[in-house]
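There are 4 protein chains.
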Amino acid sequence: MSEVQFGSIVASFPCQVQWGDCDPAGIIFYPTYFRWMDAACWALFAGVGYTAKRMRAEHLAMPLVSADCQFLYPAEQGDRCEVRSRILRFGGKSFVVAHEVQREDGMALAKGEETRVWGKFANGPGTRLRGLALPEELTALFRAA
Amino acid sequence: MSEVQFGSIVASFPCQVQWGDCDPAGIIFYPTYFRWMDAACWALFAGVGYTAKRMRAEHLAMPLVSADCQFLYPAEQGDRCEVRSRILRFGGKSFVVAHEVQREDGMALAKGEETRVWGKFANGPGTRLRGLALPEELTALFRAA
Amino acid sequence: MSEVQFGSIVASFPCQVQWGDCDPAGIIFYPTYFRWMDAACWALFAGVGYTAKRMRAEHLAMPLVSADCQFLYPAEQGDRCEVRSRILRFGGKSFVVAHEVQREDGMALAKGEETRVWGKFANGPGTRLRGLALPEELTALFRAA
Amino acid sequence: MSEVQFGSIVASFPCQVQWGDCDPAGIIFYPTYFRWMDAACWALFAGVGYTAKRMRAEHLAMPLVSADCQFLYPAEQGDRCEVRSRILRFGGKSFVVAHEVQREDGMALAKGEETRVWGKFANGPGTRLRGLALPEELTALFRAA
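Chains as they are written, first to last, in the working numbering: chain A, 1 to 145; chain B, 1001 to 1145; chain C, 2001 to 2145; chain D, 3001 to 3145.
Chain A with its partners taken away, still in its complex shape:
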């Protein structure tokens, strides 16, 4: 599997820590970061033309292989943040997205990675998902930008 390094496109996904995102310790409940990373990944792809609407229409999906996150500093309710996301690498069928979560004052809150595959539903959502080779047309969008 030949891998290509990508790093040029960095998408920014704005978010804010809500009351319900926090736990009894008064700080962010950690799965919230994974919710944000997932949403940020979708925003990254929407930014190059693969919007939710298009993904739906073309029966595309990008299920997870693995995900990890390091929690660097506790976020509190009201904190305005952004998730900065970029493709770390494209493999044949899989790719890795790197995410950094920053508070608006620049404080690094968390950083993580998602490994995903590219796939297509055989017959619409809910039907069997088949892994696909990452289309050159897609990877080129990240290379060109």
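These are computed hints drawn from the structure, not numbers from a lab.
Mixed in with the good hints there might be a few duds.
As the list claims (entries may be wrong) - Among the chain B residues that face chain D by a calculated CB cut under 8 Å, a handful are:
#1 1051
#2 1053
#3 1089
#4 1092
To be verified - Stretches of chain A that chain D covers, calculated by requiring three or more beta carbons in the stretch to come under 8 Å of a beta carbon on chain D:
#5 22–30
#6 33–43
#7 66–75
#8 123–133
Being a predicted model, the structure only gives us computed values, none of them experimental.
Glycine residues also receive a C-beta, built at the ideal position from the N, C-alpha and C atoms.
Guided by the hints, dock chains B, C and D onto chain A, whose structure is given.
Chains B, C and D in isolation, oriented as in the chain A frame:
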């Protein structure tokens, strides 16, 4: 719309308040109750044979018209609870499910209602959902029990 | 309990339907609306000076008595929305917040209400919460605006 | 930092994939696994006497340093699962919990790890959290069992 009263079948859905279900006040974050009520409704239907698997296979769904909940006593992490659910009434296409959330010692924590319609996806999940008359075969299951 | 009608201040809370907010039917999972309404209520109070930080510092909270929502039109992943929130009425210790969720094209998606009480933790978060009379200083902020 | 291997105690946390835990692809939304792993970790500690109630009373917490998960097979609504959890190692202030999620038929769905620290709130929840050396009394409970 003729309505029939139902009250015989009461399904019990067990649940427990988790750390991540609570907010910085140290008590349950209220949308958790709606998550439970939704899951309890699915369990109620599974109990009479309309399991998730069957609903999926037959392209059935039961989207919401409205939902409400009264919060009677604050639940804390670790509290073991059950949601007791029953059909309050079947209309032509819609139906009302009543839910009571109790702590294991019998303390009433919350009670609410969901109004739902019965529907079928035109062409599998994600495609247009059409409301259906509630099948007699389904409503009879609740009457008979 | 004398009640005063309020309607002047309308706060707008922006939000977007994410992949993880949707269910296998491909539309928003309904408790998401309650998560949004809660966040929108906090934003409404932040708008008049009662920010999360201040609420925390002064050991204030606004737990729920009840909540309801009508679901008017199914929202899909990617839909950009706003929750428009206002105080419907202040009672002695409780108050009602009305929320309307609109898609960016103006389509009404949902509308609901939350009834809350005003309270103070006896000794910081996690300790007993006592209901308080709504401070005149607070209610005046909504009246004046 | 001397590390001790632990493997004897394996706690089992039962869970079930709910409608609202799934995404438009009809499979589990991956942050759900992290919610489960968090709850399973609390259950593991409750099993040796460190219940939520005790943790609360003694102002203890176990915030995260990092978390990761590999997703092995897609889970669907209705799947009954268990999270099997054990301490992988205790360091000085931190410890690692390993989790395996299995479907009731034994199918491995996911496996992950959480690295946490042991800490105490200076003055109750919401106040500054200080890392503590893991008490010998605690680590002994896992060794002995």
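We went through each hint and held it up to the structure:
Interface restraint check: residue 1051/B against chain D, minimum CB-CB distance 6 Å, threshold 8 Å, status holds. With its C-beta approaching chain D no nearer than about 6 Å, residue 1053/B sits inside the 8 Å limit, and its interface hint holds. Here the hint on residue 1089/B is broken, as its CB sits about 22 Å from the closest CB of chain D, past 8 Å. Annotation: interface hint on residue 1092/B violated; nearest CB of chain D at approximately 24 Å, more than 8 Å.
A stretch counts as covered by a chain when three or more of its residues have a beta carbon under 8 Å from one of that chain; for the stretch 22–30 of chain A and chain D the count is 6, and the coverage holds. Only residues whose C-beta sits within less than 8 Å of a C-beta in chain D count toward coverage, and the stretch 33–43 of chain A has 3 of them, enough to reach three; the restraint holds. Restraint check on the stretch 66–75 of chain A versus chain D: 7 residues with Cβ-Cβ distances below 8 Å, three needed, restraint holds. Given as covered by chain D, the stretch 123–133 of chain A passes the check, having 3 residues with a CB less than 8 Å from a CB of that chain where 3 are the minimum.
Of the numbered hints stated above, those contradicted by the structure are hints 3, 4, listed in ascending order.
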